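Go by the hints and put chains B, C and D onto chain A.
Number of protein chains: 4
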Amino acid sequence: MKVMIDICVVPLGVGVSVSEYVVECQRIFEAAELSHEMHAYGTNVEGEWDKVMAAVKACHEKMHEMGAPRCTSSMRLGTRVDREQTMRDKLDSVYNKMAI
Amino acid sequence: MKVMIDICVVPLGVGVSVSEYVVECQRIFEAAELSHEMHAYGTNVEGEWDKVMAAVKACHEKMHEMGAPRCTSSMRLGTRVDREQTMRDKLDSVYNKMAI
Amino acid sequence: MKVMIDICVVPLGVGVSVSEYVVECQRIFEAAELSHEMHAYGTNVEGEWDKVMAAVKACHEKMHEMGAPRCTSSMRLGTRVDREQTMRDKLDSVYNKMAI
Amino acid sequence: MKVMIDICVVPLGVGVSVSEYVVECQRIFEAAELSHEMHAYGTNVEGEWDKVMAAVKACHEKMHEMGAPRCTSSMRLGTRVDREQTMRDKLDSVYNKMAI
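Protein chains in written order, with our numbering: chain A, 1 to 100; chain B, 1 to 100; chain C, 1 to 100; chain D, 1 to 100.
So that you can see chain A by itself, here it is in the shape it has in the complex:
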């Protein structure tokens, strides 16, 4: 089962700047060779469910290893069995309708 997630990781107890934590999470998605795209309030990741979730777990483990005593993430998870649809397809579906 494929999944598309949108995740925003939030380390707590490490001050207001969280960008270095976000950088490490990007590296984890990169290393896992998962299709991913960062935006200003989270990151889209797509791939096989188990592989994506293993990367999410690795992000939490990494943030704790970097010193965060507590982490809270918010995540959307989308699955569909009617057809394959990539992140690109979802965007195109909206862009095509906007162009009309």
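There's no promise every hint is true.
When chains are identical, the list treats them as one kind, so a pair holds in a single copy or across two.
To be verified - List of simulated lysine-lysine pairs, DSS-like, C-alpha gap at most 25 Å: (1) Lys62 to Lys97; (2) Lys2 to Lys51; (3) Lys97 to Lys57; (4) Lys2 to Lys57.
I should point out that these hints are in silico values taken from the structure, not numbers from a laboratory. These numbers come from a predicted model, not from an experiment.
Same frame as chain A, but now just chains B, C and D:
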């Protein structure tokens, strides 16, 4: 690593009533013997990361099996390494401060 | 238009304990006379859209006033126009199906 | 108070394709002259709190007007009082650290 999640499952393409899908997800958390507590807009679940995430995957698989072509969930994930804290502890921490 | 939300407030830059911030948010929902119910990873609030959103804004303002330089909340927002449904109705709808 | 949100709107009871609803929400953000950026699983919007929230309300009203009996959105809300930070700044903050 323990995790506490709050998940709201949303099957798409099955009409406006989603309660029978929510019922099946509760049964999955129950069968997995995970501590869980439903509220009006989601369910709290806590336990070992892998066990909790396996149950979340089972929820998506079950909803598709029940006929939903597409599912979108929103989820919060909390982990901490400074100390153990259950759902009950989190609530007590707030209630104790409210009583003052 | 009525709305039911589920909100989890997260003040950043104030350490790992956020319960005193959560307490103040409960007091805001209470003072606004909005039907609300806290759980271990957020709070359900229901009422007229403008009144609920004014309370959410007051929560963010209060957290900054208490010293949080930055706040990040995650929220679900549910509206329906087919019929009235309270938080209690949503729970009953699931419980009734579980009892069968 | 400025706010940056990330919102994913989900109309229920209208089938699996939600892109025409997303299109209308983009138009609402556009008409409100709010800085906004769509991604594959939501949209970032930033601006003054009241203006952003008025647009979010308009999205729900529009979806119901278009025929959705029920809508459920998931949203992140970020506010900060320590300094101004745009969506562009947040991304640059990560990109700069990744380049090192």
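Hints that the structure is at odds with (numbers, increasing): Nothing - there is no hint that the structure violates, so all of them hold.
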